[in-house]
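First to last, the protein sequences are chains A and B.
When we follow the working numbering, the leftmost residue of the first sequence carries the number 445, and every step to the right adds one.
When we follow the working numbering, the leftmost residue of the second sequence carries the number 332, and every step to the right adds one.
Any given hint might turn out to be false.
[Stated by the list, open to error] Partial list, computed: chain B residues near chain A (C-beta under 8 Å):
1. Q645
2. L647
3. L674
Honestly, the hints are just simulated from the structure, not real lab data.
Idealized CB from N, CA, C, for every residue including glycine.
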Amino acid sequence: MKWAGTEIYHFRDHHHEERVINNRILFSAIFVFICILVLLARFYSLQIVKYQDFVTQSDKNRIQVRPMPPNRGLIFDGAGELLADNRPSFTLSIVKERAGNIDTLIERLAAVIEITDKDKENFYKFLKQRRRPYEAVALRYRLTEEEMARLAVDAHEYQGVKIEAQLVRYYPQGDLFAHTIGYVGRINAREQASFSEDDYARYSGTHSIGKIGLEKFYEDALLGKVGYENIETNAHGRVLRVVDETPPEPGKNIELFLRSELQAAAAKQLEGKRGSVVAIDVATGGVLAMVSAPSYNPNLFVTGISYADYNELNRSRDLPLFNRSIQGQYPPGSTLKPMLGLGGLHHQVVTYQTRISDPGYYQLENDERLYRDWKKGGHGNRVDLHQAIVESCDTYFYDMAFRMGIDRMHEFGIHYGLGERTGLDIPSERSGLWPSRAWKRARRNLHWFPGDSLNVSIGQGDVLATPLQLAVMTATLASRGKLIQPRLAKSIGGQPTEMVVLGQQQVASEYWDYIIKSMEDVVHSRRGTAKIISRKIGYRMAGKTGTAQVVGIAQDAEYDRDKLEERQWDHALFIGFAPVENPEIAIAVIVENGEHGSSQASPVARAVADEYFKKVRK
Amino acid sequence: MSGRGQDFVRQLPDSAHHFGRSVGFLRRIHIDPFLMLVLIVLTLFGLMVLYSGSGQDEAMVRRQIVFYVVGYSVMFSAAQLDMSTLRRWAPWFYAVGVVLLVLIFVVGVGAKGAKRWISLGFFRFQPSEILKLAVPITVAAYFATRVIPPRPKNIFWCLVIIGLPSVLILKQPDLGTSILIAASGLIGLFLAGIRWRYIFGSLIAILASLWPMWHFVMKDYQKRRVLTMLDPEADKLGAGWNIIQSKTAIGSGGIYGKGWLNGTQSQLDFLPESHTDFIIAVLAEEFGLIGVMFLLTMYLLIVGRGLTIAWNAQNLFNRILAGSITLTFFVYVFVNIGMVTGLLPVVGVPLPLVSLGGTSIVTLLTGFGILMAIATEKKKVTT
């Protein structure tokens, strides 16, 4: 390596070489300077020109807005008993952004705690829904203490897993109020799709929404207002501190007119049966009891009901999910008679003296058809309105209806809320059917036949009413024509709800006296169809029994229960109010396929009224 | 001041005048006071930034201090070197480096599929660090005995000298180091006066070859990698993450910064590699543009002093070597800052003297030791 040794070129032009290298050094110095300027320009651009963007970006990095869900308002009965509570429940959820491979993570978790296929299915379903970044998606609810302990052992291995205490709706009374209170459930895709931008904000951090019943109707009041906290997190999502917060506003508590004692008494009466009881406070329209039997446990729905449970409920022939009180539309049968009788008096179609002869059937002129009385052989030759109500004589009402005509009957019934939704404060109420000439023309394109009026007069044919409507009608009779919109909520957030009077019918008070006396005798007289409930009764009750045909019986056939399936047996109905002198509670009862209003339905009302006088009224 | 002292002072060249008697002492032990001062200021500032960038890891800072102590010791030793000796040793130095690079393929250790180290039992040693100095020294030594400006034949051999270790390091694979080592050699070639027409000619040739390279040579994954380098936003959570976070850190620092230890990007771990390659983002976030300008000024002073030393150096070897060392240093600075600010693609290059890293600090300070040796070499009588 000769070149590395001493200089071998003797004739070097040192000055030239020095100039060449110095030029290059000078050039380099200038180049370095330019490079520094380029860097400075870059920093100027990042730190001054785009400063604000990067500050925003940096804050977005570190500050996360965490919604603080409000506590849902509680629901109490009229005596302050808790009907819908919030209970802490531990939920395991996963933050997708922080977890690695979700599938393997779930598999690892499944080795430690129970995770059903349903849990997984729900999880993936909710994972696909619109979500904020870093929002946790729940995988398992209601972790047990033992499960939490097992998870805690190697908590560090589950990146992205979050265990949080959440308040979850709990219905301490179980199935007793299921149909009325309803339940909350997880917000589903359909509900989310219908959310406005505002709703997205309101429901952030909240997983459930009122699905049916009061929970749905009063969703806005119960929900409350979401709070926010700005939290600083590091790159791994660990929360370091709360920068600031806006606390949530809890939802409003709702106090109902419902009374657990009455509800329990009514439910007990309907145990093992299908039917409904609605009791209304006559003075206020407040619903004191509303039972639909059979019922179900609403707690099953709160965090997602299993397919097995749901199928069982949904496929049951007894329709436990069906709210008979507001959705069951039944022929009201003879329970319409007091109201129609009042109409007959009011329109002077009949008087106190009007008497008919009842051979056990009624026949229209030029009509072959026999309109049968329920009682073979009839009620005798001198049946007046009082007897017709007390003994429930159909023939009397056939005659009266024929003379009164559908138009006046229809108009009169409207004052009692028939054929219209009552406007109760829960969703999904049905309107029943209170037929008229115009209705038949519009719906069936048929004339109104006189025979149709006859059917209406005994609450059959095209007449349909919900138990709630019957209760409202009864309360209207009890209050002598004051039609009050029924309501469940007594107060919302401490603010009493308003009573809505829908109408006040003007009928001569002596007619009222007459009709109410007749109803009183239904219960308290020797011949009354509901006399069995007068035994040892401590108050005076007015009522009316009813039996409604489920299947049409051919003209010449007899109703023979042995030939019919149980589900084709007649429905048993009863309406009543008490005390007669100054009515406080109005009750409507229907027992499906209970056959006789007297034996099956009226004792239910008696039990409810008893409970009312014993426990509720002080 | 005594007359004798004045006489002594008068003998001192250029800037040393003002430092008086102590400077004379420093000169005798081959320390360049100006360079020394700037290096110390930079070191202290660097430690501050490292403390913050490491998440206030005192152990890490202590380790870095040890590296500095070792680095400065090596620097003092290197400053005592005799340049003509260094020039004579250069080929051996170079040869040992290359042999070690070859050895790596046989006995090397490493991680993630890259073999870069040779384990000596008590510590691991990265032969490519030797070449960071060996290449510029060898190139300078080569041209010290050749015609300036170099002829094509000399250029060819020079490229062989540069190319051999570069290719070996590229095979490790370590693209960043390979590029920097090649750059240090090419800078020597440039300083030796290679004609501009060769420079422009090769630049044009490289540009012209890009198109066929892209279409015929590069594989899809390589193209993707290049595209990500050019547009990090396209892969926000993958390769682009680092650069996006570092730009955010720098940008949100503004003029005055968020304050020492208050950088949210770095303290909250959004910024990756905040104590190594991306440490300037920590500085920019916490000290703002002011801090960046301070750092750049330090670097500019070092480069300025280095180029002055090259300008004033006694012979061809010293000039080319001092220039190469200084400019290579600047290339490190520019590549690192360029990549952290998103001007250049991300290749693993630490920020000189600030990033955590033992070997890098020792190598750099050794280079400065050589610079100081050149600066303080007594004027030789030219024959």
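Index of numbered hints that the structure contradicts, given in increasing order = The structure breaks only hint 1.
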